[in-house]
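Trainee: Sequence:
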Amino acid sequence: MKSIVFLAALLAPLGVVAELVPTFTTSIKGRAPPSKVVSARTWVVTPPPCVAMDPVPNEEETRKRFGKFADALITQRNLTKAFEYVSSTYINHDPHILGDGPNAALDGLSIFWNFTTLSGLRQTFEGEQGWLNYEASGMGSIVDRFRFEAGCIVEHWDVGEVFPTSLN
Numbered sequence: 001m002k003s004i005v006f007l008a009a010l011l012a013p014l015g016v017v018a019e020l021v022p023t024f025t026t027s028i029k030g031r032a033p034p035s036k037v038v039s040a041r042t043w044v045v046t047p048p049p050c051v052a053m054d055p056v057p058n059e060e061e062t063r064k065r066f067g068k069f070a071d072a073l074i075t076q077r078n079l080t081k082a083f084e085y086v087s088s089t090y091i092n093h094d095p096h097i098l099g100d101g102p103n104a105a106l107d108g109l110s111i112f113w114n115f116t117t118l119s120g121l122r123q124t125f126e127g128e129q130g131w132l133n134y135e136a137s138g139m140g141s142i143v144d145r146f147r148f149e150a151g152c153i154v155e156h157w158d159v160g161e162v163f164p165t166s167l168n
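For what it's worth, the numbering used here labels the leading residue of the sequence shown as 1, then goes sequentially.
Just so you know, the hints here were simulated from the structure itself, not pulled from any lab data.
Even for Gly, the Cβ is constructed at its ideal location relative to N, Cα and C.
A couple of the hints might just be wrong.
[What the hints assert, rightly or not] Computed Cβ-Cβ distance ranges for the label pairs, DEER-style:
no.	residue 1	residue 2	range
1	Met139	Val51	17 to 25 Å
2	Arg77	Pro55	31 to 39 Å
3	Gly140	Pro57	19 to 27 Å
4	Pro55	Ser141	34 to 42 Å
Please model the entire structure based on the sequences and the hints provided.
Mentor: As structure tokens, this is what we get:
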């Protein structure tokens with residue numbers, strides 16, 4: 001019993017010192033540490049949102065813009081460049097991304113972007129919508145669908161999407 005009391009008395013000052021040392025859950029000057037999203041986003045520059053084009057581009061011009069977006073996203077893996085085509089009114093139907101708008105999408109993507117390998121499989125565009133099909137390491141085959149308005153991406157779906165085989 002005496003040894004337990006003695007040990008407790010001996011170790012008590014270490015508890016005070018440990019309280020003062022910053023850890024992963026606290027930081028110097030009482031500030032909270034950066035969140036995982038903030039840490040992940042340090043390498044992604046949010047571009048200005050895409051501005052609706054006037055006059056509105058025709059389907060072929062929009063198809064070319066979709067191709068540039070797909071190249072930036074899948075081939076170059078450059079989120080900043082890809083998101084130059086995304087409108088500030090962007091609606092995201094992915095339940096894993098919290099909220100709409102380009103910032104919410106960038107927050108969600110940047111968490112795993114540097115740790116995922118992408119291989120483009122195919123793409124198509126019809127009317128005002130484009131589809132991307134690609135392999136993502138750890139996730140398998142993914143199909144993303146994007147809707148354009150006035151040359152900008154305004155809406156995105158990726159849950160349960162199937163690549164259209166009857167188009168083009």
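Trainee: Tell me the numbers of any earlier hints that the structure contravenes, in ascending order.
Mentor: 1, 3
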